[in-house]
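Quick note on numbering: the working numbering labels position 20 of the sequence shown as 20, and the sequence is numbered without any gaps.
No lab work stands behind these hints: they were computed from the structure.
Cβ atoms here follow ideal geometry from the backbone N, Cα and C, with glycine treated the same way.
It cannot be assumed that every hint is accurate.
[Said to hold, decoys possible] Quick list of the computed label-pair ranges, beta carbon to beta carbon:
id : residue 1 : residue 2 : range
1  : A13       : G54       : 17 to 23 Å
2  : H15       : D74       : 33 to 39 Å
3  : K30       : R51       : 17 to 23 Å
4  : H15       : L72       : 33 to 39 Å
5  : T77       : G14       : 19 to 25 Å
6  : K16       : D74       : 31 to 37 Å
7  : L65       : S41       : 19 to 25 Å
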Amino acid sequence: MKSPVVKRSIVIAGHKTSVSLEDAFWKGLKEIAGGRDMTLSDLVAAIDSERQHGNLSSAIRLFVLDFYRNQLSDHKTGREGPRELMAAGAASSA
Numbered sequence: 001m002k003s004p005v006v007k008r009s010i011v012i013a014g015h016k017t018s019v020s021l022e023d024a025f026w027k028g029l030k031e032i033a034g035g036r037d038m039t040l041s042d043l044v045a046a047i048d049s050e051r052q053h054g055n056l057s058s059a060i061r062l063f064v065l066d067f068y069r070n071q072l073s074d075h076k077t078g079r080e081g082p083r084e085l086m087a088a089g090a091a092s093s094a
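Please take these sequences and the hints and turn them into a complete structure.
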């Protein structure tokens, strides 16, 4: 399965930066942002603020991978997954 690399400009803290990711990672990132009621820029800014090493593209890939691995793990163990937790968090903050 080959996913072409797509370069996009994102504004982080008022600064425009370019990020190159495979299309599959862009799709996953958009899905996660939507599930958290965040803009893509806000989610990328949050990932950027938490990274300690490496470049932003790598940090985003690891974030998306961890998100879906946690979802799979939660599904296998019968625990609430990130979507359910996100929905519960959104409901309690409303």
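Results of checking the hints against the structure:
no.	hint	result
1	A13 to G54: 17 to 23 Å	holds (19 Å)
2	H15 to D74: 33 to 39 Å	holds (35 Å)
3	K30 to R51: 17 to 23 Å	holds (19 Å)
4	H15 to L72: 33 to 39 Å	holds (35 Å)
5	T77 to G14: 19 to 25 Å	violated (41 Å)
6	K16 to D74: 31 to 37 Å	holds (36 Å)
7	L65 to S41: 19 to 25 Å	holds (21 Å)
Consistency with the previously given hints fails for number 5 only.
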